[in-house]
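Engineer: Could you slot chain B onto chain A? The hints should help.
First to last, the sequence lines map onto chains A and B. According to my numbering, the stretch in the first sequence is residues 1 to 397, in order. According to my numbering, the stretch in the second sequence is residues 1 to 82, in order.
Hint data in this document are derived by calculation from the structure and do not stem from the laboratory. Only a predicted model underlies this, so the values are computations on that prediction, with no experimental measurement involved. There could be a bad hint or two in this list.
FRET-style restraints, in silico, Cβ to Cβ [said to hold, decoys possible]: (1) K22(B) to R341(A): 38 to 48 Å; (2) R7(B) to R238(A): 57 to 67 Å; (3) E54(B) to T57(A): 17 to 27 Å; (4) A137(A) to Q55(B): 27 to 37 Å; (5) A16(B) to R117(A): 16 to 26 Å; (6) R7(B) to G113(A): 51 to 61 Å; (7) G61(A) to K80(B): 25 to 35 Å; (8) R238(A) to I58(B): 49 to 59 Å; (9) P53(A) to T6(B): 45 to 55 Å; (10) E9(B) to A20(A): 32 to 42 Å.
Within a straight-line C-alpha distance of at most 30 Å, the following computed BS3-like cross-link-like pairs (lysine-lysine) qualify [to be verified]: (11) K22(B) to K142(A); (12) K22(B) to K80(B); (13) K57(B) to K30(B); (14) K109(A) to K57(B); (15) K138(A) to K19(A); (16) K138(A) to K22(B); (17) K142(A) to K19(A); (18) K22(B) to K109(A); (19) K138(A) to K69(B); (20) K69(B) to K22(B).
Backbone N, C-alpha and C fix where the C-beta goes; we use that ideal spot for every residue, glycine too.
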Amino acid sequence: MNRVVITGIGIVSSLGRGKAATLDALREARSGIRIIASIDPTPLNCRIAGEVPGELTEHRGHDRFTRFALLAAEEAASQAGDLGLAPERVGVLIGTGLGGAETLDQNYKRLYGENARPHPLGIPTSMYNAASSAVSAKLQAKGVSYAVVSACASSAHAIGLAAQAIRTGQADAVYAGGADAPLSYGIVRAWEAMRVLAVDNEHPSEACRPFSADRKGLVLAEGAAVLVLESRENAERRGAEILGEIAGFGATSDAGHVTDPSADGAARAMRLALDDAKLNTVDYINAHGTGTRANDPTETAAIRTVFGADAPPVSSTKSMHGHAMGASGAIEIAASMLALRDGFLPPTLNLVERDPACDLDHVAREPRPARATTFLSNSFGFGGMNAVVAVTLLPSR
Amino acid sequence: MIRAVTRSEIEEQLVAIVRQEKNVADELLKPETELSAAGIDSLDSLTILFAIEEQFKISIPDDEARAVKTFGDLIDIIEKRV
Numbered sequence: 001m002n003r004v005v006i007t008g009i010g011i012v013s014s015l016g017r018g019k020a021a022t023l024d025a026l027r028e029a030r031s032g033i034r035i036i037a038s039i040d041p042t043p044l045n046c047r048i049a050g051e052v053p054g055e056l057t058e059h060r061g062h063d064r065f066t067r068f069a070l071l072a073a074e075e076a077a078s079q080a081g082d083l084g085l086a087p088e089r090v091g092v093l094i095g096t097g098l099g100g101a102e103t104l105d106q107n108y109k110r111l112y113g114e115n116a117r118p119h120p121l122g123i124p125t126s127m128y129n130a131a132s133s134a135v136s137a138k139l140q141a142k143g144v145s146y147a148v149v150s151a152c153a154s155s156a157h158a159i160g161l162a163a164q165a166i167r168t169g170q171a172d173a174v175y176a177g178g179a180d181a182p183l184s185y186g187i188v189r190a191w192e193a194m195r196v197l198a199v200d201n202e203h204p205s206e207a208c209r210p211f212s213a214d215r216k217g218l219v220l221a222e223g224a225a226v227l228v229l230e231s232r233e234n235a236e237r238r239g240a241e242i243l244g245e246i247a248g249f250g251a252t253s254d255a256g257h258v259t260d261p262s263a264d265g266a267a268r269a270m271r272l273a274l275d276d277a278k279l280n281t282v283d284y285i286n287a288h289g290t291g292t293r294a295n296d297p298t299e300t301a302a303i304r305t306v307f308g309a310d311a312p313p314v315s316s317t318k319s320m321h322g323h324a325m326g327a328s329g330a331i332e333i334a335a336s337m338l339a340l341r342d343g344f345l346p347p348t349l350n351l352v353e354r355d356p357a358c359d360l361d362h363v364a365r366e367p368r369p370a371r372a373t374t375f376l377s378n379s380f381g382f383g384g385m386n387a388v389v390a391v392t393l394l395p396s397r
Numbered sequence: 001m002i003r004a005v006t007r008s009e010i011e012e013q014l015v016a017i018v019r020q021e022k023n024v025a026d027e028l029l030k031p032e033t034e035l036s037a038a039g040i041d042s043l044d045s046l047t048i049l050f051a052i053e054e055q056f057k058i059s060i061p062d063d064e065a066r067a068v069k070t071f072g073d074l075i076d077i078i079e080k081r082v
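Next up, chain A with everything else stripped away, as it sits in the complex (with noise of 0.2 Å):
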């Protein structure tokens, strides 16, 4: 089986735009979490969010989801230069748990609010893949292409399956990531209706406290990332720089809740990704821990069933640059390896007081110094669909 490397990264989140803004934000502790700018928060309880700082100005007429989709596939381009692939062995997945949410909301509101008409591309502008489309189109992708739905673990799901595209050979190269952008008000709406919102309107930065006593909930965010993948051959013989590589992908589902995640299992998808990835152990966890009283517990339970006493130092990014749904894998996944390659363990902020019941060993609050080389990224979606991706930084053997 051909081994899958990682060529290039592009990422959009609340940190900023691009690898160096994101990387400063980490290296910084900084949080990306603010009062929502791009619509109108008054009407709305929760009104902060993982928002992508500044106007969106590019890819104008395509739906949100789909403008940070390009941008994040466009920095990963050009990070990984010329494939030198006939344009029918590059494949395009793009996961999203949303798709289209601005659009759908928009023509919405024309209808019922306004009795105006909905616009008439709200079909293709808002169907879930219309990123994986409009990339594809942008960088002249011809293999596999579609999108990938598991709500919050879509687009690690989406770079599992990439790595498992380019092993069999269905391509050779592949743009992989996610894209989400939930910031609309009839999507605000509806996770404040499922009470798991962290309304922290006076203090925006403190609201996302994964795995502390004082944890009030998950705090809704936008973004996208990408990467590309390519066979190890290919990225060797063109003379490309590898960032890393996928060494192992795990996926399970729960069969269980459709909300309340199963230690079992995010247990199974760990171990499933580690043994692909031929791995005993990692250096560091990216967690999926969104500062629910549902999944931190949960999360660290599973992580003990897996790695016992000598569980690995374990954050979650989400506490920095919020819960961005769909787009969080690719997202956790191309900000973990910024960290670890610039030799530290990102953190997890506002973790002062941990939850007895989420004893581990924490990168709380500050950055960690660390040579850390290999690392697990978990994504837990709604319908209890889990996707762990092993990632390694100096591809041996």
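Structural biologist: Just chain B, lined up with the frame of chain A:
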């Protein structure tokens, strides 16, 4: 007093609508230009038809919309209804 919109006024407004949707060279913005020659694809024309309907407060049936080839066809359709 309500006054009929003249054909040149329609053309003027149509040019503004098209310009909003697509960057079309001035010399191509003539009644005889085919939409495809101006780089307007099927999705662009859907958006333009939508904007026409909204602006002129008219409704263009699907079969007439599908038969449109040139900017002049669009002007005819609008003129018939305003």
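Engineer: Would you mind marking each hint as holding or not holding in the structure?
Structural biologist: Structure-based check of all given hints:
Between K22(B) and R341(A) the CB atoms are about 43 Å apart, so this pair conforms to the stated range of 38 to 48 Å. Against the hinted window of 57 to 67 Å, the Cβ-Cβ separation of R7(B) and R238(A) comes to about 59 Å, which satisfies the hint. Separation of E54(B) from T57(A) is about 24 Å and conforms to the stated range, judged on CB atoms against 17 to 27 Å. Distance hint check for A137(A) and Q55(B): the Cβ-Cβ separation is about 30 Å, which falls inside the suggested range of 27 to 37 Å.
For A16(B) paired with R117(A), a C-beta distance near 20 Å keeps the hint of 16 to 26 Å intact. In this structure, R7(B) and G113(A) break the distance hint of 51 to 61 Å, their C-beta atoms being roughly 36 Å apart. Checked against the given bound of 25 to 35 Å, the beta carbons of G61(A) and K80(B), roughly 30 Å apart, stay inside it. For R238(A) and I58(B), the hinted distance range of 49 to 59 Å is satisfied, since their beta carbons lie about 56 Å from each other.
For P53(A) and T6(B), the Cβ-Cβ distance of about 48 Å falls inside the hinted range of 45 to 55 Å, so the restraint holds. Taking the beta carbon of each, E9(B) and A20(A) are about 52 Å apart, not inside 32 to 42 Å as hinted. Our distance criterion of 30 Å between C-alpha atoms is met by K22(B) and K142(A), whose separation comes to about 26 Å. Distance restraint check for K22(B) and K80(B): the Cα-Cα separation of roughly 25 Å lies within the 30 Å cut-off, and the hinted pair is therefore satisfied.
In summary, the hint linking K57(B) to K30(B) is supported, as the alpha carbons are separated by about 23 Å, within the 30 Å threshold. Between the alpha carbons of K109(A) and K57(B) the distance comes to roughly 20 Å, so the proposed pair stays at or under 30 Å and holds. Distance check on the hinted pair: K138(A) and K19(A) sit about 20 Å apart at the alpha-carbon level, within 30 Å; holds. Restraint check for K138(A) and K22(B): satisfied, since their Cα atoms lie roughly 18 Å apart, inside the 30 Å limit.
Only pairs whose Cα atoms come within 30 Å are accepted, and K142(A) paired with K19(A) is accepted, the gap being roughly 27 Å. Simply put, K22(B) and K109(A) have alpha-carbon atoms about 26 Å apart, close enough for the 30 Å limit, and the pair holds. In summary, the hint linking K138(A) to K69(B) is supported, as the alpha carbons are separated by about 28 Å, within the 30 Å threshold. Proposed proximity of K69(B) and K22(B) is supported: the alpha carbons are some 16 Å apart, at most 30 Å.
The structure shown violates the earlier hints numbered 6, 10.
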